[in-house]
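K.L.:
The residues making up each chain are set out below.
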Amino acid sequence: MIIGAIKNGIVLDHITAGRSMEIYDVLHLGELECTVAIIKNADSVKKGKKDILKIFEVIDLDLDVLGYIDPGITVNIIQDGKVVSRKHLELPDRVTNVIKCKNPRCITSTEQGIDQVFKLTNREKAIYRCMYCESKAK
Amino acid sequence: MRNLIDILELSVEEIGELMGIADDIIERPEAYSDICKGKKLATLFFEPSTRTRLSFEAAMYELGGNVLGFSEANSSSAAKGESVSDTVRIVSYYADIIAMRHPKEGAPLVASYASDVPVINAGDGGHNHPTQTLTDLFTIKREIGHFDGLTVGFCGDLKFGRTVHSLLCALARYKNVKMVFISPEELKMPDYLIQEVLIPNNIEYVETTSLDEVMPQLDVLYMTRVQKERFFNEADYIRLKDSYILTPEKLASAKADMRVLHPLPRVNEIANTVDKDERAAYFRQAKNGKYIRMALILRLLGLK
Numbered sequence: 052m053i054i055g056a057i058k059n060g061i062v063l064d065h066i067t068a069g070r071s072m073e074i075y076d077v078l079h080l081g082e083l084e085c086t087v088a089i090i091k092n093a094d095s096v097k098k099g100k101k102d103i104l105k106i107f108e109v110i111d112l113d114l115d116v117l118g119y120i121d122p123g124i125t126v127n128i129i130q131d132g133k134v135v136s137r138k139h140l141e142l143p144d145r146v147t148n149v150i151k152c153k154n155p156r157c158i159t160s161t162e163q164g165i166d167q168v169f170k171l172t173n174r175e176k177a178i179y180r181c182m183y184c185e186s187k188a189k
Numbered sequence: 009m010r011n012l013i014d015i016l017e018l019s020v021e022e023i024g025e026l027m028g029i030a031d032d033i034i035e036r037p038e039a040y041s042d043i044c045k046g047k048k049l050a051t052l053f054f055e056p057s058t059r060t061r062l063s064f065e066a067a068m069y070e071l072g073g074n075v076l077g078f079s080e081a082n083s084s085s086a087a088k089g090e091s092v093s094d095t096v097r098i099v100s101y102y103a104d105i106i107a108m109r110h111p112k113e114g115a116p117l118v119a120s121y122a123s124d125v126p127v128i129n130a131g132d133g134g135h136n137h138p139t140q141t142l143t144d145l146f147t148i149k150r151e152i153g154h155f156d157g158l159t160v161g162f163c164g165d166l167k168f169g170r171t172v173h174s175l176l177c178a179l180a181r182y183k184n185v186k187m188v189f190i191s192p193e194e195l196k197m198p199d200y201l202i203q204e205v206l207i208p209n210n211i212e213y214v215e216t217t218s219l220d221e222v223m224p225q226l227d228v229l230y231m232t233r234v235q236k237e238r239f240f241n242e243a244d245y246i247r248l249k250d251s252y253i254l255t256p257e258k259l260a261s262a263k264a265d266m267r268v269l270h271p272l273p274r275v276n277e278i279a280n281t282v283d284k285d286e287r288a289a290y291f292r293q294a295k296n297g298k299y300i301r302m303a304l305i306l307r308l309l310g311l312k
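Protein chains in written order, with the working numbering: chain D, 52 to 189; chain C, 9 to 312.
Honestly, I wouldn't trust all of these hints.
Here are the simulated PhoX-like pairs of lysine-lysine, each with C-alpha atoms no more than 20 Å apart in a straight line [to be verified]:
| no. | chain 1 | residue 1 | chain 2 | residue 2 |
| --- | --- | --- | --- | --- |
| 1 | D | Lys105 | D | Lys133 |
| 2 | C | Lys149 | C | Lys196 |
| 3 | D | Lys187 | C | Lys167 |
| 4 | C | Lys196 | C | Lys167 |
| 5 | D | Lys105 | D | Lys153 |
| 6 | C | Lys196 | D | Lys187 |
In case anyone wonders, no lab produced these hints; they're calculated from the structure.
All chains, full assembly: derive it from the sequences and hints.
P.N.:
Okay, here's the thing in structure tokens:
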């Protein structure tokens, strides 16, 4: 088949080259029934090389997770062959159940049923800290 | 203000208001002796602490309230494996306010989500101890009268000392405060505090290994214990331990109105002979801890 224009769906553009598979896994795209195209090492004016993911259906995406993994991504929503929304991702202020706190003294290591929440404490250096014990995400 | 988990949840103005209430309690204790009648403080101490727990309990009794709770995890349902959330949810049905100490960092924050009543963090592992910081700030205010332009020295174990880290963050919000960090190389102030707190706030700071060198500059000297187990080898400990013991001889070069603070307990880092020096404020500091906790309880209960 030819991977061409999408009528209705999502294009994740400007993925850092080599990270598309990680994003494919994190977003559980393998569980979708629709067509999903992974384009690796495409030429990019901005970045030299980039990856692209094309999802041939509009699905709910966790943009916080996506922004945390690769903040340079552009999310394009396509409807009737036209881009109806374009969002440039940045690091989210907080991420829930994406990072696990590795501090053995943190309450999250023993308390059942609580979310693992990390907050962005330094945008410039992309530093996230555990909401409970303030340990730096590793 | 609904809970106190981290000192930085309080603005400088709110801290000022709490100190004002505590001053008034010291001035007019009789006006407060009945104010918490019918109210109960639960002290949930999952690890032992004599000073902090008794200070909270004395605070509540002096306000006319009552106290219930436990002083070690073995005598609580935590020993049976109950979660912090469940324990606190139940206790919040029985008490009007909770003071909680827990060895796990972040446990009081978890408690505050589960509780129907205000939660005060009375120490969570090596993480936060906001009422100690309130005590430290209140003592500086009582002893010196202001914060602006002070040179505050921190001496001893600056790497692991949670009281030092919290006080540093709290003081960084006052004008023109200068900080002096006196410690062996092995126990220096963590770099992240310098990068994330001092530099963004334009706080002037100096790091040194010599207490003698900087003593004449200091308005406040915050002493902490240098623990043997923090050193990589015994030779280093023996070489360094005496440098950080405060004696009358070392104090000789300090300003006449300088003040020495210590979160206590001390072991040998301040010689007993320093106690009678007017500049030794650490016992008054422990007493201040009760008054500032009284003020905090009143504020959280909405009674002041």
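K.L.:
Decide, hint by hint, whether the structure agrees.
P.N.:
Hint by hint, here is what the structure shows:
1. Proposed proximity of D/Lys105 and D/Lys133 is supported: the alpha carbons are some 14 Å apart, at most 20 Å.
2. Using a Cα cut-off of 20 Å, the hinted pair C/Lys149 and C/Lys196 is violated, with the two alpha carbons roughly 27 Å apart.
3. About 16 Å separates the Cα atoms of D/Lys187 and C/Lys167, which keeps this hinted pair within 20 Å; it holds.
4. Restraint check: the Cα-Cα separation between C/Lys196 and C/Lys167 comes to about 5 Å, which is no more than 20 Å; the hinted pair holds.
5. Straight-line distance between C-alpha atoms of D/Lys105 and D/Lys153 comes to about 34 Å, which puts the hinted pair past the 20 Å bound.
6. A threshold of 20 Å between alpha carbons decides the hint, and for C/Lys196 with D/Lys187 the separation of about 19 Å falls inside it, so the pair holds.
Against the hints set out earlier in the document, violations occur for numbers 2, 5.
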